[in-house]
Structures are given as structure tokens and as C-alpha cells.
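Here the protein sequences line up with chains A and B, keeping their order.
The numbering used here applies: residue 1 is where the first sequence begins, and numbers increase by one.
The numbering used here applies: residue 1 is where the second sequence begins, and numbers increase by one.
Everything labelled a hint here was simulated from the structure, so no lab data went into it.
These numbers come from a predicted model, not from an experiment.
Some clues are possibly wrong.
Quick list of simulated restraints, FRET-style, between CB atoms [unchecked claim]:
| hint | chain 1 | residue 1 | chain 2 | residue 2 | range |
| --- | --- | --- | --- | --- | --- |
| 1 | A | Ala29 | B | Arg146 | 29 to 35 Å |
| 2 | A | Glu154 | B | Asp150 | 56 to 62 Å |
| 3 | B | Arg58 | A | Arg146 | 37 to 43 Å |
| 4 | A | Gln13 | B | Glu117 | 35 to 41 Å |
| 5 | B | Asp157 | A | Gly103 | 34 to 40 Å |
| 6 | B | Asp150 | A | Glu52 | 22 to 28 Å |
| 7 | B | Asp150 | A | Ala68 | 37 to 43 Å |
| 8 | A | Ala54 | B | Asp178 | 44 to 50 Å |
| 9 | B | Arg25 | A | Asp157 | 34 to 40 Å |
| 10 | A | Ala29 | B | Ala69 | 57 to 63 Å |
| 11 | B | Pro57 | A | Asp150 | 27 to 33 Å |
| 12 | B | Arg58 | A | Ala54 | 29 to 35 Å |
| 13 | B | Val51 | A | Val102 | 56 to 62 Å |
Footprint (simulated), chain B over chain A, 3 or more residues, beta carbon under 8 Å [to be verified]:
| hint | segment |
| --- | --- |
| 14 | 5–14 |
| 15 | 46–55 |
| 16 | 76–84 |
| 17 | 88–96 |
Just so you know, even glycine gets a beta-carbon here, dropped at the ideal spot from N, CA and C.
2 protein chains.
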Amino acid sequence: MRIVAISGSLRAQSSNAAILRAARRAPVAGLEWTLYEAVGRLPHFNPDLDVEGATPPREVAELRAQLAAADAVLLCSPEYAHGVPGSLKNALDWLVSVGELVGKPIAVITASPTGGEHAQMQLVHTLQTMSWRVVDEACLQLSLGRAQLDARGEVADAAVIRSLHDAVAALATRAARDATPRNR
Amino acid sequence: MRIVAISGSLRAQSSNAAILRAARRAPVAGLEWTLYEAVGRLPHFNPDLDVEGATPPREVAELRAQLAAADAVLLCSPEYAHGVPGSLKNALDWLVSVGELVGKPIAVITASPTGGEHAQMQLVHTLQTMSWRVVDEACLQLSLGRAQLDARGEVADAAVIRSLHDAVAALATRAARDATPRNR
Chain A
1 MRIVAISGSL RAQSSNAAIL RAARRAPVAG LEWTLYEAVG RLPHFNPDLD VEGATPPREV
61 AELRAQLAAA DAVLLCSPEY AHGVPGSLKN ALDWLVSVGE LVGKPIAVIT ASPTGGEHAQ
121 MQLVHTLQTM SWRVVDEACL QLSLGRAQLD ARGEVADAAV IRSLHDAVAA LATRAARDAT
181 PRNR
Chain B
1 MRIVAISGSL RAQSSNAAIL RAARRAPVAG LEWTLYEAVG RLPHFNPDLD VEGATPPREV
61 AELRAQLAAA DAVLLCSPEY AHGVPGSLKN ALDWLVSVGE LVGKPIAVIT ASPTGGEHAQ
121 MQLVHTLQTM SWRVVDEACL QLSLGRAQLD ARGEVADAAV IRSLHDAVAA LATRAARDAT
181 PRNR
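Could you put together the complete structure from these sequences and hints?
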């Protein structure tokens, strides 16, 4: 099962990236992880470039192809001014028109010293509007910033690590279930 | 009184830009308008580049200077997937740390075929979190897309134009009042 992990922060030493690394160590068999790291290289979304039949910018085509090949997506985002980071929402804006991604299972994790409830709510709402399948039981709000990382920049809190591993297991379970046609 | 107008759409023939042109024709004396058109040229926000004492990217410095010199700001945004366009939120992300902009009077207009209530709510919430002064009586949700523009790509509906002119008058009144120290 292929999982694409996306961080919503462009910081070099980001707590969001550390969270995704911790998630990746979940003891769930058969997962193949890809970290999508080009959110900051996407062009600004322009509807003029997103019309039927148009050739999308190269970086956009790559993002769409990676996600289309994924069985599930794990998103981890900070919160900026009680909202979604603009660069992350820009990535989503490029995906609205992609019918192939409808129903894609996704878990939304927000991480900020205050938990990131506003960014979480907005991301879930936008993804549901895009008809992706937000897996509720795999979504987390983590009260965690860079101050809570250890000296190596990794997540150290055992309870946080456990909740991340549970989230990955829940996402994988849901994606596997949805991938199996029920009415054969 | 200097007003900076910002469109949240990068479309060449955008209804948001048309709305700002209509607003600009408001019969309010003494307004000097600047249209900020570089939202799509800003780099992606990265907190690593926004630390105390750092030299901001040139486009960011220009945006901050234009807004610092403004007496009021008029924002007009579409709504994408029940959210704020990522590129517009990215511009705001670069402004969070700018103390000089605290208290800046701003009117938020959203325009979409459905009115854009989600983008409106999120923009107002984020701007209030940034301690800007959102002028409620100058905010509008317009049920308007490109289909409602005339053949020249301009806003034609008399009621919409009237509401835009009222919004500009309200914004200017509020900005003028706030600019006058009350306890001399």
C-alpha cells in the first residue's frame, strides 16, 4: 500500500516533517512511503492554466501523478494566523479539478503549540468539498511545536508517537477496506 | 487617503479585478488608489526567512511597504473549494509578523457564484487574528462570477455597483476616523 506524506511547512527543521518521520515508523506491515516535498516549488494556482485540455505546469503534473498512484495520503500542517498555510492550500487548489483523486483516503494532522484546530477544520472542510475521503479516526490535532522535539529534531513524546502510529494504522485499514469492492 | 486594492485571483479576466475597478469609481473625494498586482509573484512563505533581523525577499518587502503606506486596504477574493485561495493566504502569511500593519483598516469582499461565505469567514478570522481592523460595514459577499460581467468584462449590475460604492465610502469613513487621535 502506497502512502504519500505531505508536510505543510517549508521550514528546514520543521516539526511537521518530524511528525511525518515518526508516523512512518509505525509498525504497520506493507506500507510503502513517499514524502512529497515540492509544495514550495508549485506555481501559484491560476484558473486560466487549469482549463479542460490544458497542459498543466510540470510540478503540478508531478504532484497529481504521485497522488493518483497513492492508496492514501497523510497530511501534516502547521497553522498560520488561524488558517491553513497559503502554500499548502495552493497545492490543494491545483487538485480541485482532478476527478481521479475523488474518494482518495486522507488523514489530516495539524501540529502547533495550540493544536491547530482552525487549520484542521478548514483543511477537512476543503478536502470534503473536493470529495476526498477524510478518515476521521486517523485525524489528529497535536499540541506540538519545535520546542517539543528532542535534540536531534525528532518527536520524543511516547504518547504522541503512539497516537501517530494508531492514526497510520487507521488510515491503512480504511484505505484497504475502501480498495476492496464490497459487492463482488 | 491612500487605498491599496488587492485581488485574490490571478486570472487575466478576473471578476475580482472587475469588482475592484468598479469600487475604484466610487464617488468618494480624496481617494488615491493603488492596485497591488504581485500576489502571484510572492515566494512561498517560509518561517526560516521571516526571523527577526532577516532581510525579506524583495517582493515581500515591496508588499509590506505598499501596505504600510496605505490608509486602508480593499481586498476582493474568490473562493476555492470552500476556502481562501492559497496564493492570497500566502501573501497574508508574509504579513503576520509585521507589527507596523496592526490596526490597518481593511474591507473584505468575496465574489463567487455562491457568495464565498467560507472564504469571507476565514479571511476575516485570519485578519482579526493578525490584529488588523476589519471594517464590518465595508465587507461584502457578492454572488457574482464572470458570467455576470458585461461584454467588456466590467461589473454591470447597478445594485452591485451601489453596494461597492457604499463599501468604499464606509471604509474611507472608518479609516479617516481611526486616523484622527481622539484624545488630543
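Results of checking the hints against the structure:
1. A:Ala29 with B:Arg146: 29 to 35 Å: violated (51 Å)
2. A:Glu154 with B:Asp150: 56 to 62 Å: holds (59 Å)
3. B:Arg58 with A:Arg146: 37 to 43 Å: violated (28 Å)
4. A:Gln13 with B:Glu117: 35 to 41 Å: holds (38 Å)
5. B:Asp157 with A:Gly103: 34 to 40 Å: Because 39 Å falls inside the window, the suggested range holds.
6. B:Asp150 with A:Glu52: 22 to 28 Å: holds (25 Å)
7. B:Asp150 with A:Ala68: 37 to 43 Å: holds (40 Å)
8. A:Ala54 with B:Asp178: 44 to 50 Å: For A:Ala54 and B:Asp178 the Cβ distance comes to about 45 Å; the hint holds.
9. B:Arg25 with A:Asp157: 34 to 40 Å: violated (57 Å)
10. A:Ala29 with B:Ala69: 57 to 63 Å: Holds - the Cβ-Cβ distance for A:Ala29 and B:Ala69, about 60 Å, lies within 57 to 63 Å.
11. B:Pro57 with A:Asp150: 27 to 33 Å: Holds - the Cβ-Cβ distance for B:Pro57 and A:Asp150, about 32 Å, lies within 27 to 33 Å.
12. B:Arg58 with A:Ala54: 29 to 35 Å: holds (30 Å)
13. B:Val51 with A:Val102: 56 to 62 Å: violated (40 Å)
14. 5–14: Satisfied; 4 residues make the cut.
15. 46–55: holds (count 3)
16. 76–84: This one holds; 5 residues, not fewer than the three required, reach chain B with a Cβ under 8 Å.
17. 88–96: holds (count 7)
Consistency with the previously given hints fails for numbers 1, 3, 9 and 13, ordered from lowest to highest.
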